[in-house]
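> As they're listed, the protein sequences go chains V and C.
Anchor point for the first sequence: position 246 equals 246 in the working numbering, and the numbering is continuous, going up by one each time.
Anchor point for the second sequence: position 90 equals 90 in the working numbering, and the numbering is continuous, going up by one each time.
Mixed in with the good hints, there may be bad ones.
Stated by the list, open to error - Straight-line C-alpha distance at most 30 Å; calculated DSS-like pairs for lysine-lysine:
no.	chain 1	residue 1	chain 2	residue 2
1	C	Lys333	C	Lys396
2	C	Lys333	V	Lys100
3	V	Lys11	C	Lys333
4	V	Lys102	V	Lys180
5	V	Lys100	V	Lys180
6	C	Lys396	V	Lys11
7	V	Lys180	V	Lys103
Derived by calculation from the structure, the hints in this document are not laboratory data.
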Amino acid sequence: MEVELTNLSKKFGDVVGVEALDLDIRDGEFVAFLGPSGCGKTTTLLMLAGIYRPTTGTIRFGDRIVNQLQPRDRNIGMVFQSYALYPHMTVFGNIAYPLKLKKVPRQEQQRRVEAAAETMGIAHLLDRRPGQLSGGQQQRVALGRALVKEPDILLFDEPLSNLDARLRLTMRGEIRSLQKRLGITAIYVTHDQVEALTMADRIAVMNLGRLQAFATPDDLYERPPTKFIAGFVGNPPMNFLEIEFAQENGAMQLRSESLELGLPPEFAAAAAAADGAVTFGIRPEDISLDDYGPVSGEVFVVEPLGRDDLLDIIVGTEHFLLLADPKRKSRAGDRVRLSFDMTRAHFFDPRSELALSWK
Amino acid sequence: MAAAGALTNINTDSMSGRLLLALRNGLLAALAMALLAFLFHSLLRPMIGSALVEETLTITLSRLFLVLLPIAAYLAAGTAVRNMEERHKALILALVAVTAVYALVVGAQALLGAGPFAPRPSLQFSARQTDEGILVEALEAGGAAELAGLQPGDIITAIRRDQVTLTELNQRVGLAEEDDPFRLRYIRNGEQDQLTVRAVLQTGVDNSAIVTGLVIALVIASLSIYWPGRTLPYILLAVSLLPMVVGYLWLIIATFSYRTRGILPLDGAGNIGGLTIENWGFLLGEDIAGLEFSIWQVTLNSFLLAVLMTAVVLLVSSMAGYALSRMSFAGRKFFLSFTLILHGFPAVTLLIPIFFILLNLGNLPLIGQLIGFNTLGGIALVMVAFDLPLGIWLMKGFFDHIPWDMERSALIDGASRWRVYREIVLPQIRPGLLALGIFAFIGGWNAFLIPQTYSIGAGTVNLPVFLNELIDETAPVDWNQVAAVGLFQLIPIFIFFVFAQEYLLNIYAGGTKGSS
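All chains should be modelled from the sequences, with the hints used to inform the complete structure.
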């Protein structure tokens, strides 16, 4: 089912939860709402669920405006971060509850609950109570309960946050494949960019109640439209630096207090026209340790990540994060030289923080 | 200053260091107590005394400090070495230190002419106890007794008309002031007569007091070393609970006794024994103290009142608590603080206005018969009103602990708000409901003030009011029967507590279980 949000706002007294949100979600699409805590993503989700009434704007499911519909009339399934299972009911009771409320005949209930439990791999737990289950099992029960009534839309509110890292990885894949198989439109709220990037067809990045971008994961990563997104998406985060441009010997150069870098020709024209300071951004993987590189610095901190070492390098007064091969056995205090892959540089207007699309 | 410095920097590794420490602590404790006594006796008393004519508190306190002074000093000395590895060494140190402290205390007393060195009132004769009375054995030459005309061989039987033994006589003399008269009744050569001896203050050292004091000091020192640790809280608890335990013990024993002295059952002749079940005769509908109530009618009233209260309090508190916890509406904050103020309102102040309200409610058509003055419904209504603020706040607290997500989930699953409340939320706070229900039931069962005020006649009297009627009669009160009725009233409460302890404790823990 398509979901369309038009000029959607939610205010709690004077506090703005969500402001002027416009979003079109296609049928069967997996959309992630990504943003830091308090950015309005859960508020939006609860408006979709019918828990919060929007202050302004409309929510459309298909061609029906659902603003005034009660949660129970929206035919949605929702999975909460806390799982929100009913502790006084068995697993069977929990999964059957939506069916019981729909007055589905008892035998039909039995059949559908067992089918859902089978899908989620919890058929052997039906007699237990939530308190007797592990976090992962509770998560599956919650998912089973959301799916059993065959909803048009599935809502997820940070469902994997309470699981351990290993389980999170498997559940990510399971949820994704389940959603594709059933073809249900899914909206997934998370503050974990890895979840958003790996699971979603499109990501809606939100900050301070406003939509920052709505694009595919690749687009967001390769062509971040704002500095906020550039810094939020990607781990380790992008390096930022305030710079100015200067012309030397006919070539454009990028300058700050601490370093000077040559600029590839595709940026030159735009850079020459730039007026004053610009924010320069470059991802850690686009800086490399290179004994013949143009920039020299000193290793400040080494964080071994296993496959890579994350190095914090001081160049003059600036810090740069970059990834290095652990075989180099870098240590704090080492003198190193760096080279920058300037073809992958990003530039942002320091005032509006919008990307300068110079390429 | 140098000496003070040396005293604070005691090396506690060596035996002599330890001893020094014990001595120092003992002396400091003694000094502190002496100062306190001085403060109360010589500084505070004159100040307060100028304002109040009769003021005994400061005197009592200053004496108490003086009496406790040596004990505190011994304990301080003993505990200073208590934590030593070798107990016998600690004991030796403690004994030495305490003896030293004792010597100092006695020395101070000798200097001040206090304690065993103080002049003591005496009648100046020696005597011994015989079957007939106190046999005078010898008189001090020129002493008070001789001057008064007492002779050896006289047998003292009484002071005025009070029979005395030698011990009692000595006690009374010990408390006397100089020149206090003692009119002694005595038998000389078979003739009874009396004479007055005036007490004189006699100086001298009371050696037996000094020896006794030393023995006490040494015993305290040994105890302070060998007393097992961490028993103090239990001792304090046991001591402070003792009056209650004795009270309940008496209650139970009294119900099965003809009469009691202390907590001992006595029969008619005053010997221990005389157990009976007569006091429980009221259960069979026997006439009680001339009152025309059947105990079963009264019990039924109590029960109805308790059940009615429980039902209404539970229903209203849980729904109001839910609304206050979960919904936002105009006046919510005001309502919350207002109920809290109501909770602090003493019921007594409202007795008379409520009486008029009940009278008027009684005039309502139809329901007036149920909730007016002198109806169980009216009494229950008032009791419920006084109980609701607490109930609402308790319930709100329990609802506050239920995660919002659980309700949202149920709403999305397709339940209506009412159904969510009934099927999802209420089961989560079952411990709270049970606890509040039990409190309401006990409150209704034990209710006295309001039923007493708004009920007349057998139709509405409940057990506590009935119990009061038993005592109110002008005829002599049969306390054993009162005890039996009281115990009868306690039975349901007792059963409740046995089964519901866990939930009652839960209400103070305030949490819900199993919120996942």
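> Report the numbers of all earlier hints that the structure fails to satisfy, in ascending order.
Number 2 only.
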